[in-house]
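> Sequence:
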Amino acid sequence: MDAIGIEQIKNKERPPEVLSFTIRRDEFCRKLGGGLPRGSITLLEGEDGTGKSLISQRILYGLLENGFTVTYISTDLSTKDFIQQMQSLNYDIVKYLLNKQLLFIPVFPITKKLRSKPKNLIERMMSAPHLFENQVIIIDCLTVMLENGKMDGETKFKFSNFLKKLTGIDKTLLITLIPGSTAEDVHQFLTSLCDNILVLKSKILGTDLKNYITVIKWKRTKGEVNKIIGFKVEPNIGFVLDISSFAG
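Each position in the sequence shown, counted from 1, maps to that position plus 497 in the working numbering.
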């Protein structure tokens, strides 16, 4: 974090106490207490196929629609793939890319080159001031940036200080994680740093696969938080809350 001058990445205007990501087509934001608490760190964890990127992209779109600036760091999608993915969910984000309200950073070309030294990805990220100028930073997925899901003591120390300094200037973060591919000590370390923890799981009920979010921890909310939230993806509609089984 020493490579980043704190003064140059402070928010020009202090965001509201809670950052709303509400949109007209669903009540997802309301079910999470009305939005992301300002200056908080949210951990969104789940195995492959449970919907981490889907939830991240839903929150991203809602934040943009509510006027917030966002940086989205993806370890999986190219810019073209990202735009196509968002369009498939019926989320038009091209205008936000063009007006620079959204900064999209595709990491996957770098991960291929640095597969033997993924630690450099964390250090590069922490040394790039322009990634953290926006009000919200989404990192999807941190596990891919780690070497075999591990993080040494020095990197933990640097990353912890990095996050604390960011939240200290009211930056709000959303980080996704694959717990089964992350070392246990790293998982515990990250959960200890986070204010909010969401766990994504899937379960077969009859002939249907049900996806749901379990809210493990959610601090500084302004409204009621549902402990379990069911969701699904509908063709030509995108993200939809599933009230049939798990929704609270």
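Bear in mind the hints are in silico, worked out from the structure with no lab data behind them. Note that the Cβ used here is the ideal one computed from N, Cα and C, for glycine as well. Don't take each hint at face value.
[Said to hold, decoys possible] When the alpha-carbon atoms are kept at most 25 Å apart in a straight line, the in silico DSS-like pairs for lysine-lysine are as follows:
(1) K507 - K655
(2) K597 - K662
(3) K714 - K700
(4) K653 - K700
(5) K724 - K714
(6) K577 - K729
(7) K700 - K729
(8) K716 - K662
(9) K509 - K661
(10) K577 - K592
(11) K647 - K662
(12) K707 - K729
(13) K507 - K729
(14) K719 - K700
(15) K719 - K509
(16) K716 - K507
(17) K577 - K597
(18) K509 - K729
(19) K714 - K653
(20) K592 - K509
[Claimed, not checked] Taking CB as the label site, the calculated pair distances span:
(21) N563 - D649: 37 to 43 Å
(22) G720 - E681: 30 to 36 Å
(23) G677 - I701: 31 to 37 Å
(24) R621 - I701: 22 to 28 Å
> For each hint, tell me whether it holds in the structure or not.
Going through the hints against the structure:
1. Straight-line distance between C-alpha atoms of K507 and K655 comes to about 19 Å, which keeps the hinted pair within the 25 Å bound.
2. Restraint check for K597 and K662: the C-alpha separation of about 24 Å stays at or below 25 Å, so the hint holds.
3. Only pairs whose Cα atoms come within 25 Å are accepted, and K714 paired with K700 is accepted, the gap being roughly 21 Å.
4. Pair hint K653 plus K700 does not hold up; C-alpha atoms about 33 Å apart against a cutoff of 25 Å.
5. Between K724 and K714 the alpha-carbon distance is near 9 Å, which keeps this suggested pair within the 25 Å criterion.
6. For the suggested pair K577 and K729, the alpha carbons sit about 24 Å apart, so the restraint of at most 25 Å is met.
7. With a C-alpha separation of about 12 Å, the suggested pair K700 and K729 falls inside the 25 Å cut-off, and the hint holds.
8. Between K716 and K662, the direct Cα distance comes to roughly 19 Å. Compliance with the 25 Å bound is thereby established for this hinted pair.
9. Only pairs whose Cα atoms come within 25 Å are accepted, and K509 paired with K661 is accepted, the gap being roughly 19 Å.
10. Taken as a hint, the K577 and K592 pair is honoured in the structure, with Cα atoms around 14 Å apart against an allowance of 25 Å.
11. The suggested pairing of K647 with K662 holds, with an alpha-carbon distance near 23 Å, which does not exceed 25 Å.
12. A hinted pair counts as satisfied when its Cα atoms are at most 25 Å apart, and K707 with K729 qualifies at roughly 7 Å.
13. The suggested pairing of K507 with K729 is violated, with an alpha-carbon distance near 37 Å, which exceeds 25 Å.
14. Note on K719 and K700: the hinted pairing is violated, with a Cα-Cα distance of about 30 Å set against a maximum of 25 Å.
15. Taking the CA atoms of K719 and K509, the gap is about 24 Å. The hint holds against a cut of 25 Å.
16. Distance restraint check for K716 and K507: the Cα-Cα separation of roughly 23 Å lies within the 25 Å cut-off, and the hinted pair is therefore satisfied.
17. Pair hint K577 plus K597 holds up; C-alpha atoms about 16 Å apart against a cutoff of 25 Å.
18. About 37 Å separates the Cα atoms of K509 and K729, which puts this hinted pair outside 25 Å; it is violated.
19. In summary, the hint linking K714 to K653 is supported, as the alpha carbons are separated by about 22 Å, within the 25 Å threshold.
20. Straight-line distance between C-alpha atoms of K592 and K509 comes to about 22 Å, which keeps the hinted pair within the 25 Å bound.
21. A hinted range of 37 to 43 Å for the beta carbons of N563 and D649 is consistent with their spacing of about 38 Å.
22. Checked against the hint of 30 to 36 Å, the C-beta distance between G720 and E681 comes to roughly 34 Å, which is consistent with it.
23. For the pair G677 and I701, the beta carbons lie near 19 Å from each other, so the given range of 31 to 37 Å is not met.
24. The hint said 22 to 28 Å for the Cβ distance between R621 and I701, and at roughly 40 Å that hint is violated.
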